[in-house]
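Peer 1: Fit chains P and X to the given chain E structure using the hints.
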Amino acid sequence: MDKPQLIKMIKHLSKTKTDKLFLNDFLLTWEKEKSELLAVFQVAQILRGMRDNNISPKVFDSGLAVSLFRDNSTRTRFSFSSACNLLGLNVQDLDEGKSQIAHGETVRETANMVSFLSDIIGIRDDMYLGAGNTYMKEVAQSVQQGFEEKVLPCRPTLVNLQCDIDHPTQTMSDALHLINWFGGIDKLKGKKIAMTWAYSPSYGKPLSVPQGIIGLMTRFGMDVSFAYPEGYNVMEDVVSVAKKNAAQSKGSFEIAGSMEEAFADADIVYPKSWAPYAVMEKRTDLLRNGDDAGLKDLEKQCLENNKKFISWECTRDLMNTTKNGKALYMHCLPADITGVSCNQGEVSADVFDQYRVPQYIQAGYKPYVIAAMIFLSKFENPSGKLMEVFNRGTNRIF
Amino acid sequence: MDKPQLIKMIKHLSKTKTDKLFLNDFLLTWEKEKSELLAVFQVAQILRGMRDNNISPKVFDSGLAVSLFRDNSTRTRFSFSSACNLLGLNVQDLDEGKSQIAHGETVRETANMVSFLSDIIGIRDDMYLGAGNTYMKEVAQSVQQGFEEKVLPCRPTLVNLQCDIDHPTQTMSDALHLINWFGGIDKLKGKKIAMTWAYSPSYGKPLSVPQGIIGLMTRFGMDVSFAYPEGYNVMEDVVSVAKKNAAQSKGSFEIAGSMEEAFADADIVYPKSWAPYAVMEKRTDLLRNGDDAGLKDLEKQCLENNKKFISWECTRDLMNTTKNGKALYMHCLPADITGVSCNQGEVSADVFDQYRVPQYIQAGYKPYVIAAMIFLSKFENPSGKLMEVFNRGTNRIF
Amino acid sequence: MDKPQLIKMIKHLSKTKTDKLFLNDFLLTWEKEKSELLAVFQVAQILRGMRDNNISPKVFDSGLAVSLFRDNSTRTRFSFSSACNLLGLNVQDLDEGKSQIAHGETVRETANMVSFLSDIIGIRDDMYLGAGNTYMKEVAQSVQQGFEEKVLPCRPTLVNLQCDIDHPTQTMSDALHLINWFGGIDKLKGKKIAMTWAYSPSYGKPLSVPQGIIGLMTRFGMDVSFAYPEGYNVMEDVVSVAKKNAAQSKGSFEIAGSMEEAFADADIVYPKSWAPYAVMEKRTDLLRNGDDAGLKDLEKQCLENNKKFISWECTRDLMNTTKNGKALYMHCLPADITGVSCNQGEVSADVFDQYRVPQYIQAGYKPYVIAAMIFLSKFENPSGKLMEVFNRGTNRIF
Numbered sequence: 132m133d134k135p136q137l138i139k140m141i142k143h144l145s146k147t148k149t150d151k152l153f154l155n156d157f158l159l160t161w162e163k164e165k166s167e168l169l170a171v172f173q174v175a176q177i178l179r180g181m182r183d184n185n186i187s188p189k190v191f192d193s194g195l196a197v198s199l200f201r202d203n204s205t206r207t208r209f210s211f212s213s214a215c216n217l218l219g220l221n222v223q224d225l226d227e228g229k230s231q232i233a234h235g236e237t238v239r240e241t242a243n244m245v246s247f248l249s250d251i252i253g254i255r256d257d258m259y260l261g262a263g264n265t266y267m268k269e270v271a272q273s274v275q276q277g278f279e280e281k282v283l284p285c286r287p288t289l290v291n292l293q294c295d296i297d298h299p300t301q302t303m304s305d306a307l308h309l310i311n312w313f314g315g316i317d318k319l320k321g322k323k324i325a326m327t328w329a330y331s332p333s334y335g336k337p338l339s340v341p342q343g344i345i346g347l348m349t350r351f352g353m354d355v356s357f358a359y360p361e362g363y364n365v366m367e368d369v370v371s372v373a374k375k376n377a378a379q380s381k382g383s384f385e386i387a388g389s390m391e392e393a394f395a396d397a398d399i400v401y402p403k404s405w406a407p408y409a410v411m412e413k414r415t416d417l418l419r420n421g422d423d424a425g426l427k428d429l430e431k432q433c434l435e436n437n438k439k440f441i442s443w444e445c446t447r448d449l450m451n452t453t454k455n456g457k458a459l460y461m462h463c464l465p466a467d468i469t470g471v472s473c474n475q476g477e478v479s480a481d482v483f484d485q486y487r488v489p490q491y492i493q494a495g496y497k498p499y500v501i502a503a504m505i506f507l508s509k510f511e512n513p514s515g516k517l518m519e520v521f522n523r524g525t526n527r528i529f
Numbered sequence: 132m133d134k135p136q137l138i139k140m141i142k143h144l145s146k147t148k149t150d151k152l153f154l155n156d157f158l159l160t161w162e163k164e165k166s167e168l169l170a171v172f173q174v175a176q177i178l179r180g181m182r183d184n185n186i187s188p189k190v191f192d193s194g195l196a197v198s199l200f201r202d203n204s205t206r207t208r209f210s211f212s213s214a215c216n217l218l219g220l221n222v223q224d225l226d227e228g229k230s231q232i233a234h235g236e237t238v239r240e241t242a243n244m245v246s247f248l249s250d251i252i253g254i255r256d257d258m259y260l261g262a263g264n265t266y267m268k269e270v271a272q273s274v275q276q277g278f279e280e281k282v283l284p285c286r287p288t289l290v291n292l293q294c295d296i297d298h299p300t301q302t303m304s305d306a307l308h309l310i311n312w313f314g315g316i317d318k319l320k321g322k323k324i325a326m327t328w329a330y331s332p333s334y335g336k337p338l339s340v341p342q343g344i345i346g347l348m349t350r351f352g353m354d355v356s357f358a359y360p361e362g363y364n365v366m367e368d369v370v371s372v373a374k375k376n377a378a379q380s381k382g383s384f385e386i387a388g389s390m391e392e393a394f395a396d397a398d399i400v401y402p403k404s405w406a407p408y409a410v411m412e413k414r415t416d417l418l419r420n421g422d423d424a425g426l427k428d429l430e431k432q433c434l435e436n437n438k439k440f441i442s443w444e445c446t447r448d449l450m451n452t453t454k455n456g457k458a459l460y461m462h463c464l465p466a467d468i469t470g471v472s473c474n475q476g477e478v479s480a481d482v483f484d485q486y487r488v489p490q491y492i493q494a495g496y497k498p499y500v501i502a503a504m505i506f507l508s509k510f511e512n513p514s515g516k517l518m519e520v521f522n523r524g525t526n527r528i529f
Numbered sequence: 132m133d134k135p136q137l138i139k140m141i142k143h144l145s146k147t148k149t150d151k152l153f154l155n156d157f158l159l160t161w162e163k164e165k166s167e168l169l170a171v172f173q174v175a176q177i178l179r180g181m182r183d184n185n186i187s188p189k190v191f192d193s194g195l196a197v198s199l200f201r202d203n204s205t206r207t208r209f210s211f212s213s214a215c216n217l218l219g220l221n222v223q224d225l226d227e228g229k230s231q232i233a234h235g236e237t238v239r240e241t242a243n244m245v246s247f248l249s250d251i252i253g254i255r256d257d258m259y260l261g262a263g264n265t266y267m268k269e270v271a272q273s274v275q276q277g278f279e280e281k282v283l284p285c286r287p288t289l290v291n292l293q294c295d296i297d298h299p300t301q302t303m304s305d306a307l308h309l310i311n312w313f314g315g316i317d318k319l320k321g322k323k324i325a326m327t328w329a330y331s332p333s334y335g336k337p338l339s340v341p342q343g344i345i346g347l348m349t350r351f352g353m354d355v356s357f358a359y360p361e362g363y364n365v366m367e368d369v370v371s372v373a374k375k376n377a378a379q380s381k382g383s384f385e386i387a388g389s390m391e392e393a394f395a396d397a398d399i400v401y402p403k404s405w406a407p408y409a410v411m412e413k414r415t416d417l418l419r420n421g422d423d424a425g426l427k428d429l430e431k432q433c434l435e436n437n438k439k440f441i442s443w444e445c446t447r448d449l450m451n452t453t454k455n456g457k458a459l460y461m462h463c464l465p466a467d468i469t470g471v472s473c474n475q476g477e478v479s480a481d482v483f484d485q486y487r488v489p490q491y492i493q494a495g496y497k498p499y500v501i502a503a504m505i506f507l508s509k510f511e512n513p514s515g516k517l518m519e520v521f522n523r524g525t526n527r528i529f
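Chains as they are written, first to last, in this note's numbering: chain E, 132 to 529; chain P, 132 to 529; chain X, 132 to 529.
Chain E with its partners taken away, still in its complex shape:
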């Protein structure tokens, strides 16, 4: 993107309704209007275009971004860190192990205590069903109350870095990848995407990606085909959301009986392992009770059960059944690649390798998607502010 294109995009942004993103959290994509999702895509592209043109979009001279990772993370951690750094915020990790939080401190108190000079709070909390999104909402309410009570000088906004329900920074990056891959958001209309379960020799993978994908891709008039083995269903609420979205966007949503059915004539495939909802529920109880023996038992059962579906692998043969044999393969990474990261996994090595570069490009949108979410939550007139940033013309590298 050259500078004239950049100016054009910034001006174009002014036509997109963004006011409800201002001072608002980003928790679930289906809580946002379509225009708001478009604004995130646009701002992400603009910020990327600026950086690629050595223009620094730093808008904070100081300020903290709190990160709280209740689960491991590489991609999202670096994406969040990159996004905050790009805009001028400094990440301060809330390490619950090194804090006094264990001592019965309330969520409200912790949320306020870390927010006195904080602009953003990013949270990953995906291990406990029914917990992650609930926790984020509690943190959001707490800082809202703190702001209203004049405890906090501003209302830090929350970015969901993966919860039990959705993984919006991932799925929005996935969507932006599709937009650029197919040449525009309008091109997604009528495209078939297969979101399917795939076999993995591990267990307990969160539901947030498949749920997030069916909840988001149904917004753009796509034909979403969702397939999983018996018992591997996800949250009913999210399935309802997907159905409603599809109806509204004049796309479609179906639950297919097999990988083969979902892949047939698909434009895009997203085969990925996850744990059955029922297992995640049991697991949540066992984790809460600290029942290690129970957890081991459950893991054994679950891995045993997984093995029944070892044939759910994204192979060359299956890829050949997609639209012209050329569907775009997607994964949120890291994938379980047969013969590479495990003996038998989600995808064959040759299919993965064929799409390795597009997948890395897909992952590369995440820092900008997060930066866009932050930017839009902080500026009421993002187009105007971005034009100011452009005209200021500070170099990213001197």
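In case anyone wonders, no lab produced these hints; they're calculated from the structure. Among the clues, some could well be false.
A pair holds if it fits inside one copy or across any two, identical chains being indistinguishable in the list.
No more than 25 Å apart at the CA atoms, straight line, and that leaves these computed lysine-lysine pairs for DSS-like [to be verified]: (1) Lys516 - Lys134; (2) Lys189 - Lys281; (3) Lys281 - Lys134; (4) Lys281 - Lys318; (5) Lys516 - Lys189; (6) Lys427 - Lys413; (7) Lys281 - Lys457.
Values in this document were obtained by computation on a predicted structure and should not be read as measured data.
Peer 2: Only chains P and X this time, still in chain E's reference frame:
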């Protein structure tokens, strides 16, 4: 605070003697003159006023602030991080577990090795009686020597983030809260503050807050009433300091026999648990000898002993005995709240809830108090420098 | 260094050939031409001179520097952090324990995933023989490929923060210390340096420092005398490099039979413990197999064997045999000091103390050496860019 008020405060600061704060550490409040404490309050308010007016007080274009936490921390860690970030310093944590410090390296060597491009060193070391303050002084001497030997380009200054004797960033925040609550430092004269022990089902809490409070509040002509159960006395040296301070400031200091006596007609109450000095001494020995069995025994004894004083709880009835039943309740947080964070604790839930907002506001001063300590240690003419910063007019958010 | 000297140095730099440093990694000193090493020394001095004159050499308005420490570090961690901060980069640590890397993710994938907005990758990987340098090269290839595939907007450059072969940020700092100590790089010609093994009651110390020293000091026409007890030899390849270097620079390289022989008439001595190559090889196998019992056995054997050479200590008597009894003592720190950090170690306390200040000064070059490596990898015309920075005149402290 609006901009004209801000200018007025900055000008007013020039009347306060601050020269001995320049290039000096902040370890114990009673090592500072009263005018120096006032300067910290003033600069804290000015920095806060600037940020509230979207003026960035960043004065370092680069530079490290070393943090060393030998005990858990949430509030102070985020406060230190916020303060450093506000002024432009980047916190680099010295994680003794990930370093080679264990291998018999001297304090002098480590202190110098982490300080080549560092401006500030913040340390929390409150677990061992007789150790924390001693360690800080050794670090201070080490970097002073390093500076004199031309090993270091500047003398990093130390900020005590809690030691075995004092917790100055906490108590100075507490005092600033009182100043704003009562409408000026002169209004503190003659106010009665009850610093009392309170029951908690935990053990081994540091003495630094009660010691710091009696050592600081006696500076302002307050009537400080200090109460604790038999055996829960604190360091004799600090009690002497409090007595001397009270005499000089024409306030008073008394050791009361009960919570009831201390609370009677008090304007402010600060009920908080701590471990008896003798227990902390024993604990220090056991920790040093790695005597786990001994530590467990001591914990058991201590918790058993605590239970004798389970009635030391800040209840509504007790609050009713304070001045007009309206004393300001304070705590350094997190508090042990009966029925919330424990079955039976330091304070009843209704009293805590009534004062929750003031307490959060109290905690919110800490980042600015730390920033003020840093600022005053780095600029010989703080009033002039702040006016320059004001006139520069860089926005905190672009 | 005053400002006119600074300008002179910046101008002088334009005469040094630096083009091959541009966009290039810094892994082993012997992969660099002599002029490139000189450029690193020059830029390090200039950056230090700027900071000492309160000129901020910040050249990045944002950007990440990834750090990956697979072994403990204090000095190098703070040096890397200081260097990045000085130039405007923000360090984001890749903590393999908190990431998903364990799950069979390829090096190529991780390297790309952390690099979307990263300019620099600093790695310490010195525990496994044959692994550290290999890993760094794999990371370098991965990001090179990512850049060529348009996955990454720029090619992050690698800085070796210690591998199994070399420790260039250490040895370049050591060399810069010698240059300043003796008054110029030309003064090193003909100076005798004794790089010798010394006794330590620990085991498994990396070979990278002795290897790095003999590989680097032979570049400057020095007489390098290398001494170690039987069995404590290092990598053959590096010895060959040292021989070749010495021949080219018209210095000399010898393997001496004893500390005494090496110290005789030396201008500089660098006595330091390391593990025998054969032990490190065995250790690498045992570590890879997770053979804890084997590791304990090996440690025991090795410590036992070390004891045979307990007389290899840098004492006053030995120092008296050096040139005029005044050789410069060097160590990469922390040293095992007899009677201070251990009962019997590498150096006597009085010798260490005599040279404590020069050693600290030696350590103080590391942040600037790292910053110079980063700077030279990012600017094609470093002299011109430094002059721009100088003329910009931004204060480091406002």
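Peer 1: All hints are to be evaluated individually against the structure, with a verdict given for each.
Peer 2: Hints versus structure:
1. When the C-alpha separation of Lys516 and Lys134 is checked against a cutoff of 25 Å, the pair qualifies both within a copy, at 16 Å, and between copies, at 24 Å.
2. For the homomeric pair Lys189 and Lys281, the shortest alpha-carbon distance between copies (24 Å) is at most 25 Å, but the shortest distance inside one copy (27 Å) is not.
3. In this homomeric assembly, Lys281 and Lys134 come within 25 Å of each other (Cα to Cα) only across copies, at 19 Å, whereas the closest approach inside a single copy is 42 Å.
4. Taking CA atoms no more than 25 Å apart as the test, Lys281 paired with Lys318 passes between copies only; the shortest distance there is 23 Å, against 47 Å inside one copy.
5. With identical chains, the CA atoms of Lys516 and Lys189 are at most 25 Å apart both within one copy (11 Å) and between copies (22 Å).
6. With identical chains, the CA atoms of Lys427 and Lys413 are at most 25 Å apart within one copy only, with a shortest distance of 12 Å there and 35 Å across copies.
7. In this assembly of identical chains, the alpha carbons of Lys281 and Lys457 lie at most 25 Å apart only when taken from different copies (21 Å versus 56 Å within one copy).
Checked against the numbered hints given earlier, this structure breaks none of them.
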